[in-house]
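Asker: Just need the whole structure built from these sequences, with the hints factored in.
Line order of the protein sequences matches chains A and B. By the UniProt record's numbering, the letter at position 230 of the first sequence is numbered 230, and the numbering carries on one by one without gaps. By the UniProt record's numbering, the letter at position 198 of the second sequence is numbered 198, and the numbering carries on one by one without gaps.
Just so you know, these hints were derived from the structure itself, not from any lab. For each residue, glycine too, the CB sits at the ideal point set by N, CA and C. None of the hints are false.
Pairs of lysine to aspartate or glutamate residues, derived as EDC-like cross-links and limited to a Cα-Cα distance of at most 20 Å, are as follows: (1) Lys412/A with Asp313/B; (2) Lys241/B with Asp186/A; (3) Lys569/A with Glu383/A; (4) Lys125/B with Asp118/A; (5) Lys125/B with Asp101/A.
Computed, partial: chain A to chain B, Cβ under 7 Å: (6) Leu95; (7) Arg125; (8) Gly126; (9) Lys127; (10) Met131; (11) Phe133; (12) Leu140; (13) Thr141; (14) Ala153; (15) Val156; (16) His157; (17) Phe188.
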Amino acid sequence: MSTASSRAGGTPQDSTTEEGLTPVIETSKEPAADRHGGVPPLLEVSDLHVSFPSEAGPVKAVRGVSYSVRPGEVLGIVGESGSGKSVSSMAVLGLLPDSADVRGSIRMDGRELLGLNDAKMSKIRGKDIAMVFQDPLSALTPVYSIGTQIIEAIQVHQDLDKVKARTRAIELLDLVGIPDPHQRVDAFPHEFSGGMRQRAMIAMAIANDPKIIIADEPTTALDVTIQAQVLEVLKKAQDVTGAAIVMITHDLGVIAGFADRVMVMYAGRPVENGPVDEVYYRPRMPYTIGLLGSIPRVDADERRALTPIDGTPPSMVALPKGCPFEARCPIAIDVCREREPELLTAPGANHPSACHRSRELAEGGGEGLLDPATIYPIPPLPEAHEIERLPREERTAVLEVDNLVKHFPLLKGAVFKRKIGTVKAVDGITLEIKEGETLGLVGESGCGKTTTLLEIMDLTGGQAGSVTVFGKDVREVKGAKARKALRRDMQIVFQDPMASLDARMPIGDILAEPLKTHGWDRARTDARIPELLELVGLNPDHSDRFPQEFSGGQRQRISIARALALEPKLVVLDEPVSALDVSIQAGVLNLLDELKSRMGLSYLFVAHDLSVVRHIADRIAVMYLGRIVELGETRSVFHEPSHPYTQALLSAVPLPDPQKERARERILLTGDLPSPANVPSGCRFRNRCPKYLQLNPGEQQRCESEDPQLHTLAPDHTAACHFAEALAVV
Amino acid sequence: MGRYMLRRLANYLILVIVATSLAYFLAALSLNPRANFEAQKPRPTTAQIDATLKTYNLDPETPVVVRYARWVDGIAHGNLGLDIKGGSVADDFGRKVGVSIRLLVIATIIGSIGGVLVGAYGAIKQYRFFDRWTTLASFFLLAMPVFVVAIALQMFAVNINDAAGSTVIQYIGEYNPTLSGFWPVLISRLQHLILPTITLTLFQIAQYSRYQRNTMLDVLGSDFLRTARAKGLRRRTALMKHGLRTAILPIVPLLVYNIVLLFTGATFTETIFGWHGMGEWLVLSITTNDVNSVAAVSLFTAAVVLVAGLLSDLIYSALDPRVRFS
Ligand code: SF4
Ligand code: SF4
Numbered sequence: 001m002s003t004a005s006s007r008a009g010g011t012p013q014d015s016t017t018e019e020g021l022t023p024v025i026e027t028s029k030e031p032a033a034d035r036h037g038g039v040p041p042l043l044e045v046s047d048l049h050v051s052f053p054s055e056a057g058p059v060k061a062v063r064g065v066s067y068s069v070r071p072g073e074v075l076g077i078v079g080e081s082g083s084g085k086s087v088s089s090m091a092v093l094g095l096l097p098d099s100a101d102v103r104g105s106i107r108m109d110g111r112e113l114l115g116l117n118d119a120k121m122s123k124i125r126g127k128d129i130a131m132v133f134q135d136p137l138s139a140l141t142p143v144y145s146i147g148t149q150i151i152e153a154i155q156v157h158q159d160l161d162k163v164k165a166r167t168r169a170i171e172l173l174d175l176v177g178i179p180d181p182h183q184r185v186d187a188f189p190h191e192f193s194g195g196m197r198q199r200a201m202i203a204m205a206i207a208n209d210p211k212i213i214i215a216d217e218p219t220t221a222l223d224v225t226i227q228a229q230v231l232e233v234l235k236k237a238q239d240v241t242g243a244a245i246v247m248i249t250h251d252l253g254v255i256a257g258f259a260d261r262v263m264v265m266y267a268g269r270p271v272e273n274g275p276v277d278e279v280y281y282r283p284r285m286p287y288t289i290g291l292l293g294s295i296p297r298v299d300a301d302e303r304r305a306l307t308p309i310d311g312t313p314p315s316m317v318a319l320p321k322g323c324p325f326e327a328r329c330p331i332a333i334d335v336c337r338e339r340e341p342e343l344l345t346a347p348g349a350n351h352p353s354a355c356h357r358s359r360e361l362a363e364g365g366g367e368g369l370l371d372p373a374t375i376y377p378i379p380p381l382p383e384a385h386e387i388e389r390l391p392r393e394e395r396t397a398v399l400e401v402d403n404l405v406k407h408f409p410l411l412k413g414a415v416f417k418r419k420i421g422t423v424k425a426v427d428g429i430t431l432e433i434k435e436g437e438t439l440g441l442v443g444e445s446g447c448g449k450t451t452t453l454l455e456i457m458d459l460t461g462g463q464a465g466s467v468t469v470f471g472k473d474v475r476e477v478k479g480a481k482a483r484k485a486l487r488r489d490m491q492i493v494f495q496d497p498m499a500s501l502d503a504r505m506p507i508g509d510i511l512a513e514p515l516k517t518h519g520w521d522r523a524r525t526d527a528r529i530p531e532l533l534e535l536v537g538l539n540p541d542h543s544d545r546f547p548q549e550f551s552g553g554q555r556q557r558i559s560i561a562r563a564l565a566l567e568p569k570l571v572v573l574d575e576p577v578s579a580l581d582v583s584i585q586a587g588v589l590n591l592l593d594e595l596k597s598r599m600g601l602s603y604l605f606v607a608h609d610l611s612v613v614r615h616i617a618d619r620i621a622v623m624y625l626g627r628i629v630e631l632g633e634t635r636s637v638f639h640e641p642s643h644p645y646t647q648a649l650l651s652a653v654p655l656p657d658p659q660k661e662r663a664r665e666r667i668l669l670t671g672d673l674p675s676p677a678n679v680p681s682g683c684r685f686r687n688r689c690p691k692y693l694q695l696n697p698g699e700q701q702r703c704e705s706e707d708p709q710l711h712t713l714a715p716d717h718t719a720a721c722h723f724a725e726a727l728a729v730v
Numbered sequence: 001m002g003r004y005m006l007r008r009l010a011n012y013l014i015l016v017i018v019a020t021s022l023a024y025f026l027a028a029l030s031l032n033p034r035a036n037f038e039a040q041k042p043r044p045t046t047a048q049i050d051a052t053l054k055t056y057n058l059d060p061e062t063p064v065v066v067r068y069a070r071w072v073d074g075i076a077h078g079n080l081g082l083d084i085k086g087g088s089v090a091d092d093f094g095r096k097v098g099v100s101i102r103l104l105v106i107a108t109i110i111g112s113i114g115g116v117l118v119g120a121y122g123a124i125k126q127y128r129f130f131d132r133w134t135t136l137a138s139f140f141l142l143a144m145p146v147f148v149v150a151i152a153l154q155m156f157a158v159n160i161n162d163a164a165g166s167t168v169i170q171y172i173g174e175y176n177p178t179l180s181g182f183w184p185v186l187i188s189r190l191q192h193l194i195l196p197t198i199t200l201t202l203f204q205i206a207q208y209s210r211y212q213r214n215t216m217l218d219v220l221g222s223d224f225l226r227t228a229r230a231k232g233l234r235r236r237t238a239l240m241k242h243g244l245r246t247a248i249l250p251i252v253p254l255l256v257y258n259i260v261l262l263f264t265g266a267t268f269t270e271t272i273f274g275w276h277g278m279g280e281w282l283v284l285s286i287t288t289n290d291v292n293s294v295a296a297v298s299l300f301t302a303a304v305v306l307v308a309g310l311l312s313d314l315i316y317s318a319l320d321p322r323v324r325f326s
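Answerer: Written out as structure tokens, the structure reads:
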């Protein structure tokens, strides 16, 4: 069970503090109030340790976290999966399982919370400290209405009768932007969309005017335009309650414009901590530097390779001594293997970081110093394949989709189904991919991108329209043999590598499978496997290992190797990096880029993350409700987005750049994506279109009655809007 | 919602008719009532037997379809026919159902509530003493035939009675028919109820608690339980109000079906403790070639399944808003 200990005074390593560095761990000797302009901290976590028992020994999930939050302040905690960021905030709420061993000190308004019993903690939870969780579907009880759950939250802490509490619940729902709160208060969680559920969660969190709101990945499962809405609501909630916010996320972009200060966590400890501008512009710790360099940016000017951080985070059961980042650090020295660095402010720096070399890491580098911009070797851009050097018009098309349609009947009834409508999942899509080209297909969930991809891979030609692969109309390809040959030339890589790799097969056999199917003999197959592993950057001697022995990024490399086994010409990538942490994602993206140039591949890259697509795609197709609304060369679409939906989408993507982020004006969309069973007349975007609202009635009439077709704006740039007009948003 | 239930009702009704008809044909074709009369002493004449069989609607010479039609016609008039001894099946029926209800009500209530609580608590205390112990006990019970448990209980009761010096716990029959007056009869009935109730309760707890433990374990790690506590609900309140409430949903159909089907499924318990309920009647009527009684029990069972189906639909949709409007 939790025990408060008096170790808040500092870590045992204090005695080894190097000369010239000042410890920053808040000590009881020095009241924090003095350093923060007289405002005492609201929440003070000092030297928090959390460990869980496991069969392999205790898992040290949090190893000495200290931070403080002042009233009204926003602290961002960033880290990848397993960094201890969520566990440390669960500890603040006292919601860790009984088996967790929690030590250190957590004080709110000077009162020690650690060691309080459930009864006392219950009075604080939801009242002084409120919480917003990640996945709002599973975070709301399915059997109670939204209203009931908010009323419950109110009544636990306030002496209000049912009627008053209900009125208050409706007020709260209205505040967080739920349309029609009087009716919606009685709705159940499954009747709300993801974004609305998260709004309801926020309503619940602010029901009792909390002093602190802890938001744990509040927008992670949401689409980017919905994320922008929810962040806006969270800001509003903060304005109304004046609460401080602790925002936990893996997304450096989300925090950049939202937080005042940021703490970067790695392997259970904070490794860098300071005001956002300081940390983002003058990072002093190689992990932070690497993280910032590995994020693809929507506002990138030119194409550059990302700087991945090699390797994977250490196991939290048997941490090596020394710096936990040592194995992945490009500038590690001997002392790094000996001693774990403390979180200290280096001379010349304005914020603490945990690195033995942080004093050398100064912006711009210089005499005897290290330039943060260059400590990671920037991988060279792969040399362009001869095909890629040809002008686009001279290359042949590998995939041509013309007016592809996929409608599903909407059925009702258990035994005797009757049709009550049509789901227009794919409603007339035209696109083309040439040799050596990557087309990025982006759109939010429910826009039909997955259906499009499945229809193409199906090789049946769809309900209407045509699919032409390597110059052959798939409808005309008859016979098993011809189809097999076609399939050999187009391969697919899925999002979740664990689900698509058979866990009972060594990876050598997994890679051999497609070869066998296509009649390769034993000797040729055996020679090919090490070649493939090497191709994707894995050790060729590891072919007898099983998928679970590899990390997520490595597994995705195996999937890629399998797809490439037969040297296809077209590879379809379905969200290939969205399950990976950013530092790992960068490596996979670089690999894809390199393979493409090396083998002259073409990619159809389906993703929801615009920055990833921006990085990898030559051309981009933006999908909305079963249609492509904007299509064109990447640069041109990102610099001059012309469809109002593309503009909103791009403006919703947070940039990992605090100053730019603060200066940005977001185009917020109202409401959720309509159901593809209920497509509006005329322009399908009109009920959410910000531009529509600015048009005069005559023009609006046109949007309502006439379905806009893609029309050309620039040589390779089309948009389906009657009033398309370029607008720079990033 | 109403239309949905009506449709379900129609489906179940068809099912009842099909099942009962099949049971009638099966019983009428495979049982041999003539043997009963031939075994009687003194043996009636063949002519007498034929005549009796005819009046009982059991005559093997009459085409089975015709017998079936007569039986159905009887049912339409509230007449379940005659049993093998010439009594009214409907009268038997009323009596046996009464016995079964008296036997099952208490056991079922304690069994279901107990099963849910034991299972849920076991899940909360996963791998602790209570959980290990109840898991072991449950599997031990479930692996054991009913009569072993029943007889063990009877022996235990004998010991208690010996110790008490009087018969506190009765082990055979429903009540002592020699007693009269409200209180003496009630006390006698309760004394007779103790052992069969314990037997039935134990088995129900053992079975339901296993299911409940699993569904509760799923819920314990859920995010919504964490949300409930983050709101400020105490651990126990959150566990009951949000946890158990949700974890009970998946086992509702199971509970309802099991309870309702116990009506004809408690054969062993009834036989061992000398209660003349539906379960015992079913077995008895088969062994005595009593076609009309078998058909009546089948009709009853099918009707009971219908009720169970509707009941579980109703309860489920009352408890789970997610199915309410579909
Ligand atoms: S302490 Fe050493 S290994 Fe750790 S981050 Fe700094 S330089 Fe790299
Ligand atoms: S056609 Fe009209 S409604 Fe549609 S995107 Fe353009 S302006 Fe908006």
